[in-house]
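> Once you have looked at the hints, place chain B on chain A.
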Amino acid sequence: MSATGARLLGLGVYRPARVVTNDEIAQRVDTSDEWIRSRTGIATRRIADDEETTVAMGTVAAEKALASAGLTADAMDLVISATCTSPSQIPGAGPQIAHRVGAGRAGAFDLNGACAGFSYAVSVAADMVRAGSVRHVLVVASERLSDYTDWDDRGTCILLADGAGATVVGPAETDEIGPAVWGHDGSRPEVIRVAGYGDNMFRMEGQAVFRWAISLVPMVRQICERAGVAPAELAGIVPHQANLRIVEALATGIGATNAVIARDVVDSGNTSAASIPLGLARLVDAGEIRRGDPVLLFGFGAGLTYCGQVVRCP
Amino acid sequence: MSQDILAGLAAILEEVAGVDPADVTAEKTFIDDLDVDSLSMVEVVVAAEEKFSVKIPDDDVKSLKTVGDAVSYIQRAGVAA
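Chains as they are written, first to last, in UniProt numbering: chain A, 1 to 314; chain B, 1 to 81.
Just chain A, same shape as in the assembly (with noise of 0.2 Å):
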């Protein structure tokens, strides 16, 4: 049976225990909680312990997801891992997950969309459910940056921060997942990378990144032309936590005026492919944006890549 549409029919988060402040930090490398907090808006992070794997953290928030969807994990047909920071190349993290959910006739992959995963792991979910291939998927966003972390970096190790987010989209009578727009300048491979051989460490050019993500404001207009939704009508705007300027620059530049935007970067620092349902469900759980409504997401990075779409509030 072949379903008109598809929806968000859940979300769950997890944020590791340990909160790392900006003092901390400035301890080790040359910094300050003052050029912190105005360069990128982070005030702390969650840094993940040794028990807090990517696994287990996606694992807890699929769960978390699958009870607020109010669904059982046998009723997955897929699971999608979205992540750049599996813990080890081969075996993605996809299948471990599904195997601890118990979505025991699930098919399982990894897909790394960097910090634009999330959206793009939806976007292949929600055209799966509604070509009728399957009827519910499990997108779990799992990032465990602090693997990759150079605590001597001072342009990075600011940033980086551990997390995961999760949803299942699944059908919907009527379509609430809007039409994905996405891109790429794999021109510039090097401005954001872990390269692995001989420096298996997150390396970023930020003012270049930078330069790049507050040009994107097109594309974002874009998302909400192609969703048939005004900026304005817009309820919350969820871009990529990458850094509260560009946040609230993209948020800005396409006129968002109505719209909630997502500030969980503020506490919980830039989680990659996480950071996109962590902000969301930040402002569900705090009743800034409710069912129905319409939000956008937008993730971007390394590769460069980019994507998203507007959905409609699980």
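Just so you know, these hints were derived from the structure itself, not from any lab. Since the structure is predicted, the reported quantities are computational estimates derived from the model, not experimental observations. Glycine included, every Cβ here is placed at the ideal spot set by N, Cα and C. Watch out, some of these pointers could steer you wrong.
Incomplete in silico selection of chain B near chain A, CB under 10 Å [claimed, not checked]:
{"#": "1", "residue": "D37"}
{"#": "2", "residue": "L39"}
{"#": "3", "residue": "S40"}
{"#": "4", "residue": "M41"}
{"#": "5", "residue": "V42"}
{"#": "6", "residue": "E43"}
{"#": "7", "residue": "V45"}
{"#": "8", "residue": "V46"}
{"#": "9", "residue": "E49"}
{"#": "10", "residue": "E50"}
{"#": "11", "residue": "D58"}
{"#": "12", "residue": "V61"}
Below, chain B without anything else, positioned relative to chain A:
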């Protein structure tokens, strides 16, 4: 023409970094005099590219120390385009 560019830059600086347009004169440096940090400078450059239909590559941004530097750069780039 340079007065128009100066006024346009002042408007951008006000919007991006909250700089009082009255403070924006040719001899002022972005970083020390106008307190525009490196990220705001990137935002100013991106906005200026759009407003004046010019290209300002990253390598050239570093040479733009004062408002006057930026005005004459945009003037030259505009003529070249």
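> So, for every hint listed, does it hold in this structure?
Evaluated hints:
Given the 10 Å rule on beta carbons, the hint for D37 (chain B) holds: about 7 Å separates it from the nearest Cβ of chain A. Annotation: L39 (chain B) was flagged as interfacial toward chain A, and the flag holds, the nearest CB pair being 6 Å apart, inside 10 Å. A hinted interface residue such as S40 (chain B) counts as satisfied when its beta carbon comes closer than 10 Å to some beta carbon of chain A; here the least separation is about 8 Å, so the hint holds. Proximity of M41 (chain B) to chain A holds as hinted, the smallest CB-CB distance being about 9 Å (cut-off 10 Å).
Look at V42 (chain B): its Cβ gets to within about 5 Å of chain A, closer than 10 Å, so that hint holds up. The closest approach between the C-beta of E43 (chain B) and any C-beta of chain A is roughly 6 Å, which is under the 10 Å cut-off, so the hint is satisfied. Hint on V45 (chain B) holds. Least Cβ distance to chain A is approximately 7 Å, under the 10 Å limit. Satisfaction of the interface hint for V46 (chain B) is found here, the shortest Cβ-Cβ separation to chain A being roughly 6 Å, below the 10 Å cut-off.
Hint on E49 (chain B) holds. Least Cβ distance to chain A is approximately 9 Å, under the 10 Å limit. Of the supplied interface hints, the one on E50 (chain B) holds, with its beta-carbon coming within about 9 Å of a beta-carbon of chain A, less than 10 Å. For D58 (chain B), the suggested interface contact is upheld, since its CB lies about 6 Å from the closest CB of chain A, less than 10 Å. Against a cut-off of 10 Å between C-beta atoms, the interface hint on V61 (chain B) holds, since the closest Cβ of chain A lies about 9 Å away.
Comparing the model with each numbered hint stated earlier shows that all of them hold.
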